[in-house]
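Protein sequences, first through last, are from chains B and D. The working numbering puts the first residue of the first sequence at 854, with every later residue one more than the last. The working numbering puts the first residue of the second sequence at 10, with every later residue one more than the last.
What the hints contain is simulated information worked out from the structure, not anything from laboratory work. Predicted, not measured: the structure shown is a model, and the values here were computed from it. Among the clues, some could well be false.
Said to hold, decoys possible - Using C-beta positions, here's what the derived DEER-type ranges look like:
no. : chain 1 : residue 1 : chain 2 : residue 2 : range
1   : D       : Gly128    : B       : Asp998    : 28 to 34 Å
2   : B       : Pro907    : D       : Gly68     : 27 to 33 Å
3   : D       : Arg24     : B       : Arg940    : 40 to 46 Å
4   : D       : Ile36     : B       : Leu908    : 27 to 33 Å
5   : D       : Pro85     : B       : Pro975    : 49 to 55 Å
6   : B       : Pro947    : D       : Arg34     : 40 to 46 Å
7   : B       : Pro975    : D       : Asp86     : 48 to 54 Å
8   : B       : Leu908    : D       : Ser13     : 36 to 42 Å
9   : B       : His955    : D       : Asp57     : 51 to 57 Å
We treat Cβ as the ideally placed atom computed from N, Cα and C, and that holds for glycine.
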Amino acid sequence: MARQERGSAGPDPASKGPVPGAAELDIWYFGVRLGEGRYAFLAPLVTEVVRLGPLTRLPAAPTFLPGVFTHRGEILPVLDLSELLLRRAVSLGPGVRAAIVHAEPWRVAVVADEMEGLLHVPRRRVGPPPAGHAVRDFLQAVVPDDLGDIAVIDLPRLVAAARARSAPA
Amino acid sequence: MSDSIQLLLFQLGARVFAARAENVRRIAGPSLERPEDGVESALGDPWDPRRGLVVEVAGEERTLLVDGVLGLKAVPDSDFQALPAFARDVLPTAALAGFAMLDEVATLVIDLPTLLREGKGAALAPSEETPRHA
């Protein structure tokens, strides 16, 4: 498994598609760290990785929505992946990066404790999700590597579930 | 020349908000005659309510108590942005109309009639449980 980017402001993941000819064999994920855990979601969901600008907090917002920020003139909601999955908020200090993702029909900026970046995974290494995982309802697969297992989550489903739980009656 | 929106800027607690000036019937204070008439809202409580924004809601006057009124500012329509769809969908209040870019800062524009119609009930977010069992 090859890691293309770790912790830098990052290339445009959308422009780093699979190598021609390897599409049937490999999957590209975007990796993040939440606490000690390693998570990933499908890389084509990510349009870019940016440094998080000043946050405007929203009154009465659920805890997984710490605010919005302006990126190239567009106001984007910030989604705290750690708060959503583990109920532990990410520290949003200076230098925090956000992955801008398109989780149909929404565009959101996802924050995590650390961005690992693009992960190139041979399809044969992708295993089924184990029973009893802490985030089992949103788990799509598990990918082992030298540093341990990476939990692959269904990000659009997670975002939709968060929306459904918080939507006003 | 583009159209512009006239915004009234006010402080409530630690934050500065904006509202369409046309929605404010008058500004009450500094000594509010009946501070108990102030409506609690999703924006939280003022630290030191010295002013009140009086708004007409369903034919009645309602007052939002605020810490201060900072003034009026005209912003071009192009500097106004609606609330992002995801934020709009998960917030318990419909009173956050969008943002005005003021000195490159995204300032929340509040729909005052909606805010005062909702009262404080809208501040109580529905379930914030981790949706891991959805």
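Problem - Structure versus earlier hints - violations, ascending order - result: 1, 2, 3, 8, 9
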